[in-house]
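Sequences listed follow chains A and B, in order. In terms of the working numbering, the first sequence has 509 at position 509, counting the first letter as 1, and numbering is strictly consecutive. In terms of the working numbering, the second sequence has 1259 at position 259, counting the first letter as 1, and numbering is strictly consecutive.
Quick caveat, the hints were computed from the structure, so don't treat them as lab data. Some hints here could point you the wrong way.
[Claimed, not checked] SDA-like, lysine to any residue: derived pairs with alpha carbons at most 25 Å apart:
#1 B:1124 to A:319
#2 B:1124 to A:15
#3 B:1124 to B:1070
#4 B:1124 to A:20
#5 A:430 to A:450
#6 A:430 to B:1213
The lines below spell out each chain.
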Amino acid sequence: MSKANRPNPYLAPLSTMTGRIQSLGLLILFVFIAAAVFAPLLTQYGPKELVCDPFQRPGGAHWLGCNDVGQDLLTKLLYGARVSLFVGLAVATVSTLVATAIAITAGYRGGWVDQVAMRIVDVVMSLPFLPLVIVLGVYFGASIMTQVLVISFVMWAQPVRELRSQVLSIRSAGFVEASASMGASALAINIRHILPELLPLIVPQFVRVAHNAILVESSLAFLGLGDPVQDSWGSMLFHANARTAFLTGAWTNWVLPPGLAIAIAVVAFAFVGFGFSTGETRRRSKVVNVPKDEGVSPEAAADARLAVRDLVVDYAVPTTSVRAVDHVSLDLRQGEFVGLVGESGSGKTTVAMAVLGLLTPPASVNGGQVWLDRTNLLHASPALLRLLRGRRIALVPQSAMNALNPVTTVMTQIVEALRVHTELNQSEAKERAVQLLRLAEFPDDRQGAYPHELSGGMRQRAVIAIALANDPDVVIADEPTTGLDVLVQAEIMDLLVGLQRRLGISILFVTHNLPLVARVADRLAVMYQGRLVDVGAPATLDRPDRHAHTRALFANIPQLDAPKRWRREIRTDNDSSVDRPILELRKVTKTFRSPGFGRARRNVVTALDGISLRLVGGEVIGLVGGSGSGKTTIARLLTGRIQPDSGSVLYQGQPVDRLRSKDRIGMLQAVHMVFQDPYQSLRRGMRIRDIVAEPLRIAGQHAAHDLGSKVTEALSAAQLPADEEFQQRFPTALSGGQRQRVAFARAIVTNPRVIIADEPTSMLDQSIRMGVLELMETLRRDRGTSFIFITHDIVLARHFCDRLLVLRDGHMVETGEADTVTLRPQHPYTKSLIEAVETEAAPRRLAAG
Amino acid sequence: MFTRIVGQYVIVLVTTLSINFALPRIAPGDPINYLVGEDTAASLTQAEQDRVLQEFGLDKPIPQQFVDYVTGIFRGDLGTSVLLGSPVWEVVFAALGWSLLLMSAALFLSAILGTVLGVLSAWKRGEQFDIGALATVLFLGSMPPFWVAMLLITLFAANLGWLPSFGAYELGTSPGSLAYLIGIGERMIMPVVALTLVQTANILLTARYSMSMALDQDYIVFARAKGVPERRVFFGHAFRNAVLPVYTNVMMGVGNLVGGALVIETVFAYPGLGSLIVEGVEARDYNLLQGIFLLTTLAVVLTNLIADLTYPFLDPRVRRTA
Chain A
1 MSKANRPNPY LAPLSTMTGR IQSLGLLILF VFIAAAVFAP LLTQYGPKEL
51 VCDPFQRPGG AHWLGCNDVG QDLLTKLLYG ARVSLFVGLA VATVSTLVAT
101 AIAITAGYRG GWVDQVAMRI VDVVMSLPFL PLVIVLGVYF GASIMTQVLV
151 ISFVMWAQPV RELRSQVLSI RSAGFVEASA SMGASALAIN IRHILPELLP
201 LIVPQFVRVA HNAILVESSL AFLGLGDPVQ DSWGSMLFHA NARTAFLTGA
251 WTNWVLPPGL AIAIAVVAFA FVGFGFSTGE TRRRSKVVNV PKDEGVSPEA
301 AADARLAVRD LVVDYAVPTT SVRAVDHVSL DLRQGEFVGL VGESGSGKTT
351 VAMAVLGLLT PPASVNGGQV WLDRTNLLHA SPALLRLLRG RRIALVPQSA
401 MNALNPVTTV MTQIVEALRV HTELNQSEAK ERAVQLLRLA EFPDDRQGAY
451 PHELSGGMRQ RAVIAIALAN DPDVVIADEP TTGLDVLVQA EIMDLLVGLQ
501 RRLGISILFV THNLPLVARV ADRLAVMYQG RLVDVGAPAT LDRPDRHAHT
551 RALFANIPQL DAPKRWRREI RTDNDSSVDR PILELRKVTK TFRSPGFGRA
601 RRNVVTALDG ISLRLVGGEV IGLVGGSGSG KTTIARLLTG RIQPDSGSVL
651 YQGQPVDRLR SKDRIGMLQA VHMVFQDPYQ SLRRGMRIRD IVAEPLRIAG
701 QHAAHDLGSK VTEALSAAQL PADEEFQQRF PTALSGGQRQ RVAFARAIVT
751 NPRVIIADEP TSMLDQSIRM GVLELMETLR RDRGTSFIFI THDIVLARHF
801 CDRLLVLRDG HMVETGEADT VTLRPQHPYT KSLIEAVETE AAPRRLAAG
Chain B
1001 MFTRIVGQYV IVLVTTLSIN FALPRIAPGD PINYLVGEDT AASLTQAEQD
1051 RVLQEFGLDK PIPQQFVDYV TGIFRGDLGT SVLLGSPVWE VVFAALGWSL
1101 LLMSAALFLS AILGTVLGVL SAWKRGEQFD IGALATVLFL GSMPPFWVAM
1151 LLITLFAANL GWLPSFGAYE LGTSPGSLAY LIGIGERMIM PVVALTLVQT
1201 ANILLTARYS MSMALDQDYI VFARAKGVPE RRVFFGHAFR NAVLPVYTNV
1251 MMGVGNLVGG ALVIETVFAY PGLGSLIVEG VEARDYNLLQ GIFLLTTLAV
1301 VLTNLIADLT YPFLDPRVRR TA
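One chain only, chain B, in its complex shape:
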């Protein structure tokens, strides 16, 4: 069981590395453009280009290149960002913290909100609350997250002036000071709300569906026949079972959340990975984008791994039988 799960994620990582390795080599155009940037490449003489290729090991046979590439990654070498002139690793790492802050807050909030509302919706299936909740999430889940963010800014920053809409902290405050922390908190609200709104839809639907399914099971009838109080039937039996798919869904939703966070950050000029991506896209900074892809994959794989390894604590049916 354990080896199977870990094996699965090793394959994912190898795939990611292979995609990263293969892209500059199979994409249309000269690979040198991808390594040093098109503008720089154009300004180099043929001899200089050859030297660059040699430096990056592109004259070696492909398998050797792959081995070098992978060992490089494990030494923390993700190449150099053409745009910023510093190692990709450093640049990405500095931005990662901010993105994680947004994502973990949104993950936590949407999990709570989605589960509570979904369970309530199942309890009141077919009633006004349920229909209202369904209609709301259907619309929220259909809006582009970045557009929700733009509307939030228009309303709360531009028109009402309640919240700041730019950056992650107030410029000029010293890190650790109260003003600095308040500044961070204020600037988190809108991005986190935008992310949560979009993310909640999916979790609510899963919670509602699995709760409705659980309530229709024979063990619910049997629990009632035992004389178990209704509240306990609901939470002790139905919810205990319904929580399993919800948990999986929350954890698997991280991949989706990463995407949402990246786009939303650009609207708020939040200094996380998303803003880096936009700069990277504009400057066609391939190393930077690949580094971000690798790192986000790592983060998603890690959460999936945690989900897989903790799931057996919730569901005895997948525990390994001795």
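Pulled out of the complex, with its shape left as it was, chain A reads as follows:
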């Protein structure tokens, strides 16, 4: 496990069917190529030599007989392989080389280069390629080289389109942004990151082009446009057709072999590309295993609407199975709000899906019962389950964007939910749908809208209206607010709780966000590694006698009015004016335009408006705000990734855009970024050592010994193992928390003066967040590093930062000392941010930090 090798990105393992088919394809190609290369050894005749009687039947010295002029057909077949395979492989090589170069240039440069390149690709792809190849063929003659060029001319466009979209997605990946923010040049990024990620994707394009090129060559040759000097398989068929050999007995030895040779060669290419082109062939069994024993109705609390008993769910993985849910029992009473809390991989969503009977293989339910009143849902027939789902027990799913069918309107989808369970006709259902949407506070004028036309919050309201359509008794809400802006999240929470109280619904609310449910839930159920470790009212859970994991969860929730967790010597404004700021923004304004031409370009978004900021040594400044507030834009300005429209960005008093290249390198080493998602910001194909060494290499340091000691030191400082074995690992072998520490090791390897941390803990599990913040504090204390801490969590920011800037839509609404801003907020926006994350119902922690 620890020494996880990266799977070969080119070929599937031989143990899978895809792998075996790929190997078979390679084997066939190998045999064909060998036959072509060694043709003179395999036959004693020449391809143009007249060695037998016309139309001589197969046998003896001529296994495939002879053609109309007396040439040996087997010889022609072997030599034909040379032409056909050469054309196929040469075209594939030329086309993919050209396509890769164009795709990388267009995809990375973007802008007009990209627009022009893609226009040309569109045009080439709109041309009917065979007529085009024919016209080009007749004009430029029929030599093999011109054939290669002419076929390549029509073949390069398709791979450009595919590869360019891959380049775009790689370019927008976190590790490219990270590399660019370290100051890597475009060329370096292309060579170090984009090309290695793209290589495995180039192979299937090569295979596909070779596949098509062999077919096109055979068609050309068949039309009489083959090289007159050297016959390919297609030319053999051309001659056979011209002599109508297929109407005579000669078809078995003259027509069949070359056609079969083409088909088998082409199929072999298809086999090699099998894993890429046809998608997975994993068996989709429709029925999930259920426990044999039906069980009897449990002696649960009398008012329990939903009772889960001893639920066991396993996931089959190759050769073994993993227990995802381990004997979980849980009651949901009438009108109760139960929060099912757990970190990633704890099994909480699996419980929710098992309750609804919506698990799909490889999951299998291997024990337990799920009682909805007197019905065991695990044993209900599919027809009965269908009647209960949406009617008695409903789901509010994880991501509303994906849960709504993109091609029908919100109205249609509610009407459908109503009509599958009731006798309502279309217009009655519509009337009811309007009421439901109003209930969910969905704006009246958007009822006919399609999902893509709605904001995240509106989509979530639509999904809630659908879930409540048939007055269900029980609602399973699976992370319904995850991914929403912090303020929208609070609104949706209020809506759900309000509806639950008003309609008397029982809600099982699945979430990783303990503070979110702690203030509204009647009871919390905490899951850890598949087990239910604690159940109880929120106030009773944060106690020393509870499970260690429960305590860890609570310990990692920052409290608004607890004593500040990280106390530092407080600087007054007078002090900081003495120090020269390391980084400074002066009245910076930044706008973005939509990409494209003409009308689209006029859509201007103001990302920042008149923002000022100064950061001195050892200081921690928090940038707080919801999504779209401009926090990340500030980070990009401070690292010189973008330039302001007006105002200035200063590094040690010097405008960043006017730094000389030497000072610029100095600045890039002095200011480093740590990004939100460590799964994105570290490239999976790089070893830990190379990841951490990247800033040094960008700064031009390449001496192996020097790099090695600096990397080791940085890893130790980030509280990671620094041994050789660890340095040789890939990020895929690390946990999320370890990955984020690697990101910090990378950030500190050049010993920077400032680290800009963009939501460094929000993608991590709750129980390890504080550990990462402790690491940051240690770095600050030991190395005097300043931090700019970007977060949506104003309470967390209060504990960690010295000063805060509260941002909204690019404006600064409030700034000041962290405690002043959070404990005595002046602006209503600051207040709403506090309300959104505050955990009022949760117990006050007895001892802080």
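Knowing the structure of chain A, use the given hints to seat chain B on it.
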């Protein structure tokens, strides 16, 4: 949106015209060979050659030549076929109908067949049916279409004698008579089958892939959670979404189909564009080949245009938001 799409296809047409215009002028050899045919050119005296060049406007400056060429095209002047001695426009137009007949039949059949089998394959993903269908299309899609046609003839015409394998209609029957129509039908079967077999592979793979993708989406889980019956989940939700890439693929496959049809016609001596091409290639009749290239491009551009303009009716996400 609309102007963008139309603009795109105008560029395609201009490109095609430019290629056609440029080829005789940049290709190796004397352009006069391309205009009147090599044999004729060789028999002409220098004075006569000059006169021909003048007649074709080749003594004028290049931009002027291009303008003349394009306006000529719009007047329907595609030059004269050296081979047949009549205007290219007439020759091509006479053959076009037969090719369209084959192509539209194959397009229709392969779209239906590919979609139905692809959807079934996705439904039975990993089962015998799916593996069988995949293996079959993998092989069919790898065969040269003209070779499939030759095998069909060998089997059904030469050996079994069930179907005629030559031409598009029975010689000697009068157009419009029942015998004439039956003759057309009989002679369509094999070319259409050969074309369909090859074309279906691509559509089946797209249908299977997009259906598999659609079935794995969250909206499928949510539809089930709503209590929507399985059949409706499959057709109303999954297929409704999966049909979008299939539609695009069918329409974009027309360019490929044109190529297949051209080659297959030659095997059946079908009097469409394909047979014209072979004759054109043999006689190096450049005007004729360029005319066919222009016309097929026009046909492909037209279907792509129709596909682009109708796609928004299927997918609300690309509709222009007011």
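Problem set entry | Hints breached by this structure | Of the numbered hints given earlier, those the structure breaks are 3, 6, listed in rising order.
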